[in-house]
Amino acid sequence: MIKCLEQIELINATIAGILIGFGWFYNFHGNETVAIPLFILAFVIGGYAKAKEGIQETIAEKKLNVELLMVFAAVGSAIIGYWEEGAILIFIFALSGALETYTMNKSQREILALMSLQPEEAMILVNGKESKVHVSALNIGDTILVKPGERIPTDGVVLSGKTNIDQSAITGESMPVEKNTSDEVFAGTVNGNGSITISVMKKSTETMFHKILELVQTAQSEKSPSQQFIEKFEGTYVKGVLALVGLMMIVPHFALGWNWNESIYRALVLMVVASPCALVASIMPATLSAISNGAKSGLLFKGGIHLEKLNKTDVVVFDKTGTLTKGEPTVTDIITLETIDQDEFYKSVLSIENQSTHPLAKAIVAKIYEDFPARTAEMTSVEEKSGFGVSAVIENISWKIGKADFVGSVIAKDFHDGVSEKLALEGKTIVYVIREKEIVGLIALKDVVRQEAKEVIGKLREQGIKTVMLTGDSNSTAEVIAKELNIDQFKGECLPEEKVNEIKKLKKKFGTVTMIGDGINDAPALATSDVGIAMGEGTDVALETADIILMKNELLKLTNAVALSNKMNRIIKQNIVFSLSVIALLICSNFFQVLDLPLGVIGHEGSTILVILNGLRLLKGNEEI
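Going by the numbering used here, the first residue of the sequence shown is number 1, and it counts up by one from there.
Just so you know, these hints were derived from the structure itself, not from any lab. Keep in mind that the hints are not guaranteed to be accurate.
Said to hold, decoys possible - Ranges of calculated distance between the beta carbons of each label pair, as one might list FRET restraints: (1) Glu-328 to Ala-60: 50 to 56 Å; (2) Gln-463 to Leu-619: 20 to 26 Å; (3) Ser-131 to Pro-373: 47 to 53 Å; (4) Val-410 to Pro-148: 30 to 36 Å; (5) Gln-56 to Ser-195: 51 to 57 Å; (6) Lys-620 to Phe-578: 26 to 32 Å; (7) Phe-22 to Gly-81: 18 to 24 Å; (8) Val-577 to Glu-121: 58 to 64 Å.
What the hints assert, rightly or not - Distance condition first, Cα-Cα at most 27 Å in a straight line; then the derived DSSO-like pairs of lysine-lysine: (9) Lys-620 to Lys-459; (10) Lys-309 to Lys-52; (11) Lys-437 to Lys-162; (12) Lys-52 to Lys-63; (13) Lys-620 to Lys-573; (14) Lys-326 to Lys-491; (15) Lys-573 to Lys-239; (16) Lys-347 to Lys-362; (17) Lys-422 to Lys-483; (18) Lys-162 to Lys-413; (19) Lys-505 to Lys-302; (20) Lys-312 to Lys-507; (21) Lys-454 to Lys-326; (22) Lys-454 to Lys-491; (23) Lys-567 to Lys-507; (24) Lys-413 to Lys-347; (25) Lys-459 to Lys-505; (26) Lys-403 to Lys-385; (27) Lys-437 to Lys-422; (28) Lys-309 to Lys-454; (29) Lys-422 to Lys-326; (30) Lys-504 to Lys-491; (31) Lys-504 to Lys-302; (32) Lys-309 to Lys-507; (33) Lys-459 to Lys-504; (34) Lys-413 to Lys-385.
In this text, a Cβ means the ideal position worked out from N, Cα and C, and glycines have one as well.
Take the sequences, apply the hints, and build the full model.
As C-alpha cells, then:
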C-alpha cells in the first residue's frame with residue numbers, strides 16, 4: 001500500500017509534465033482551444049494530491065501551509081490568463097511531493113524489517129513432550145527447546161545443554177559466545193551447534209529484541225530541529241504572502257489612487273512572483289544531484305535532509321565489529337615448538353578443524369589453505385566438546401585443539417614463556433594444539449581492523465570531528481582497537497539500549513552525532529543519532545534504519561560523504577539567497593508598477609532555472625576531503 005501511494009504520486013506528476021509539454025506545443029502554435037484544457041488537466045492530475053493534503057492539514061491544524069499557497073499561486077496565474085506558468089508551478093510541487101512521500105514512509109518500512117526477524121514460534125516442553133506455540137503464548141517459567149541453527153524466540157536462562165550462540169544481533173560481539181547452564185540468552189540470537197533448553201524469563205513484549213523495535217520506533221517519530229524550523233517558517237511565509245496579496249488588492253486603490261483593475265492585477269502578479277517555486281528548486285535539484293553523484297561512487301543517501309545534516313557533524317560514533325573491523329576471525333599468529341614436525345602439525349590441525357563448523361575452525365582451515373594451497377584435509381573422526389574444543393586420534397596419536405580450559409590452564413599459561421598473556425592483551429583469541437598431552441603449538445585469531453579505518457579516523461580528526469567507538473565486545477578488546485586506530489573515546493560491553501544512551505549523552509555534550517554500524521544491535525543507535533550510516537554488507541535492519549549506506553563496505557566513502565555534504569550545503573545557501581533576492585526584487589518592481597506579469601513570470605521562472613542549473617553542478621566529479 002505504501003509503495004503504491006508513492007508510485008501513484010510520481011505517475012501523476014509525470015502525467016502532468018507530459019500534459020504541460022503538449023499544452024505548450026499547442027499554445028506555441030496559437031491553438032489555445034486545445035492548450036487550455038491540457039493545462040487544466042495538468043492542474044487537476046498534478047495538483048490533486050498536494051491540494052488535498054494542504055486542505056486537510058489546514059483543517060486539522062488550523063493553520064495555512066505552502067501547499068495551499070502553491071495552489072493559490074497557480075490558480076491566480078490561470079485567472080489572469082497565464083495557464084502555462086500555473087501548470088508548471090503545480091508540476092514542480094507535485095514532483096517534490098512524491099519524493100517527500102517516499103521519505104515519510106521510510107520509517108514504516110524499517111519497523112516492518114525489524115518485525116520480520118522476530119521469531120514467531122517456539123518449541124515448548126510440557127511433561128517431556130514437545131509442541132509448537134506462538135511466542136506470544138509463552139509465559140515466564142515455561143521451558144522451551146532450541147535446536148542447533150535455530151533463532152532463540154525469547155529472553156531466558158539456559159537450563160541444560162552447552163552451545164555457542166551468535167549474539168551479534170543484540171550485543172555486536174564478533175565471536176560466538178559460549179553458553180552453559182544458568183547463562184542468559186536473548187531473543188533473536190542464533191543457536192550454534194548444541195541443543196539447549198531454556199527457561200523463559202520475559203514475555204515476548206519485554207525482550208531485548210522488542211526493546212530494539214521500540215527504540216527504533218521512538219527515534220524515528222522524533223522531529224529534528226531543522227524539520228521543526230521548516231514547519232514554523234512555512235506557516236509564517238504563507239501568512240505573510242497572503243496578507244501582502246490582500247493588502248495589495250485594497251490599499252493601493254485608496255492610498256495611491258489605483259483603479260480596481262490595476263490593484264487586482266498587481267495583487268495577482270504578486271501571488272505569482274512570491275510563490276516559493278524558486279525556493280523549492282533551490283534545494284531539490286541540488287539534493288538530487290548530490291545523491292546521484294554519491295550513488296555513482298558507492299554512497300546511497302535515503303533523503304536530502306540526511307545529506308544536508310551530515311556537514312554539521314561534531315562526533316562520529318563507530319560500531320566495532322563489521323565497521324572498523326572485518327567482522328570475522330582471522331589467524332594472526334601460529335606459534336609451534338621447534339621439535340614438532342611442521343608437516344605433521346599442519347596436516348593434523350587441518351584434518352581435525354576441517355570437520356568443525358565453528359567460525360574459529362573455519363578461519364584456521366582458511367589460513368592453512370592460504371599458506372599451503374596444495375595441502376588436503378583427510379577425513380578424521382573427531383569428538384567435539386561444545387564450547388571448548390575438539391579431539392581426535394590420527395595414526396594412533398591423540399590430538400586436542402581448543403581453549404585453555406580444554407587443554408589445561410596451567411600448561412597453556414606456561415607455553416612458550418607465557419606468550420599467551422601478551423597475545424591476550426592484544427585482543428586475540430587463542431586456540432591451543434596438544435599432541436599426546438603436550439602443547440605443541442598455539443593459534444591466535446583476531447577480528448582485524450579494516451586497512452582504511454585508520455586513514456578515515458585521521459581525516460575526520462583533520463576536519464575537527466571527534467571519534468567514538470561503542471561495541472558489545474569486552475573493554476580489553478575495545479581498548480586494543482581504540483589504541484590501534486587512535487580513536488578519541490571508546491566504551492565496551494554495550495547493549496543496544498546503552499548505545500542509545502551514549503548517543504544521547506554525546507548529543508548533549510558535543511552537538512550533532514553521526515553513527516555508523518552494520519548490525520541489528522546498531523539499529524536503535526542509528527535511528528537515535530542525527531545521521532545514521534550503515535555498511536553495505538550489514539544486516540537488513542541496519543540498512544533499513546540507516547539514513548546513508550556505504551554500498552560496497554568501503555569505509556573511506558564516509559569522508560567522501562562529508563565532503564559532498566559540505567559542497568551541497570554551500571550551493572543550497574547560494575540558491576536560497578539568490579532566489580529570495582529575486583523574489584524581493586520582483587515584489588518591489590511590481591509595487592512600483594514597472595513589472596508586468598510576463599516579465600514577472602520570466603523573472604520568477606528564470607530564477608528557478610538558474611538555481612536548478614547551479615544545483616546540477618553537483619553531478620560532476622567525486623568529492624574527497
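Against the structure, the hints come out as follows:
For the pair Glu-328 and Ala-60, the supplied restraint of 50 to 56 Å holds, since their beta-carbon distance comes to about 51 Å. The beta-carbon spacing between Gln-463 and Leu-619, approximately 24 Å, falls within the hinted interval of 20 to 26 Å. At roughly 50 Å, the beta carbons of Ser-131 and Pro-373 sit within the given window of 47 to 53 Å. For the hinted restraint 30 to 36 Å between Val-410 and Pro-148, the CB-CB distance of approximately 32 Å keeps it satisfied.
The beta-carbon spacing between Gln-56 and Ser-195, approximately 56 Å, falls within the hinted interval of 51 to 57 Å. Look at Lys-620 against Phe-578: about 20 Å separates their beta carbons, and that is not inside 26 to 32 Å. Between Phe-22 and Gly-81 the beta carbons are some 19 Å apart, a value that agrees with the proposed interval 18 to 24 Å. The hinted range of 58 to 64 Å is satisfied by Val-577 and Glu-121, whose Cβ atoms lie roughly 59 Å apart.
For the proposed pair Lys-620 and Lys-459, the alpha carbon gap of about 23 Å is at most 27 Å, so the pair holds. Between the alpha carbons of Lys-309 and Lys-52 the distance comes to roughly 30 Å, so the proposed pair goes past 27 Å and is violated. Distance restraint check for Lys-437 and Lys-162: the Cα-Cα separation of roughly 25 Å lies within the 27 Å cut-off, and the hinted pair is therefore satisfied. With a C-alpha separation of about 15 Å, the suggested pair Lys-52 and Lys-63 falls inside the 27 Å cut-off, and the hint holds.
Of the supplied pair hints, the one linking Lys-620 and Lys-573 holds, its CA atoms being roughly 19 Å apart against a limit of 27 Å. As the CA atoms of Lys-326 and Lys-491 are separated by approximately 19 Å, the hinted pair is consistent with the 27 Å bound. Simply put, Lys-573 and Lys-239 have alpha-carbon atoms about 24 Å apart, close enough for the 27 Å limit, and the pair holds. For the given pair, Lys-347 sits about 15 Å from Lys-362 by alpha-carbon distance, which is consistent with the 27 Å threshold.
Distance restraint check for Lys-422 and Lys-483: the Cα-Cα separation of roughly 16 Å lies within the 27 Å cut-off, and the hinted pair is therefore satisfied. About 25 Å separates the Cα atoms of Lys-162 and Lys-413, which keeps this hinted pair within 27 Å; it holds. Pair hint Lys-505 plus Lys-302 holds up; C-alpha atoms about 26 Å apart against a cutoff of 27 Å. Under the criterion of a C-alpha separation no larger than 27 Å, the hint pairing Lys-312 with Lys-507 is consistent with the structure, at around 12 Å.
Simply put, Lys-454 and Lys-326 have alpha-carbon atoms about 13 Å apart, close enough for the 27 Å limit, and the pair holds. The hinted pair formed by Lys-454 and Lys-491 meets the criterion: a straight-line CA distance of about 18 Å does not exceed 27 Å. A hinted pair counts as satisfied when its Cα atoms are at most 27 Å apart, and Lys-567 with Lys-507 qualifies at roughly 24 Å. Pair hint Lys-413 plus Lys-347 holds up; C-alpha atoms about 25 Å apart against a cutoff of 27 Å.
The suggested pairing of Lys-459 with Lys-505 holds, with an alpha-carbon distance near 24 Å, which does not exceed 27 Å. For the suggested pair Lys-403 and Lys-385, the alpha carbons sit about 11 Å apart, so the restraint of at most 27 Å is met. Taken as a hint, the Lys-437 and Lys-422 pair is honoured in the structure, with Cα atoms around 23 Å apart against an allowance of 27 Å. Between Lys-309 and Lys-454 the CA atoms are separated by roughly 24 Å; this keeps the pair inside 27 Å, and the hint holds.
Of the pairs offered as hints, the one joining Lys-422 and Lys-326 holds, with about 22 Å between alpha carbons and a cut-off of 27 Å not exceeded. Annotation: proposed proximity of Lys-504 to Lys-491 holds, straight-line Cα distance about 14 Å (limit 27 Å). For the suggested pair Lys-504 and Lys-302, the alpha carbons sit about 23 Å apart, so the restraint of at most 27 Å is met. Pair hint Lys-309 plus Lys-507 holds up; C-alpha atoms about 14 Å apart against a cutoff of 27 Å.
Among the hinted pairs, Lys-459 with Lys-504 is consistent with the structure: their alpha-carbon atoms are about 24 Å apart, no more than 27 Å. Between Lys-413 and Lys-385, the direct Cα distance comes to roughly 21 Å. Compliance with the 27 Å bound is thereby established for this hinted pair.
Violated hints, listed in ascending order, are 6, 10; each of the other numbered hints is respected by the structure.
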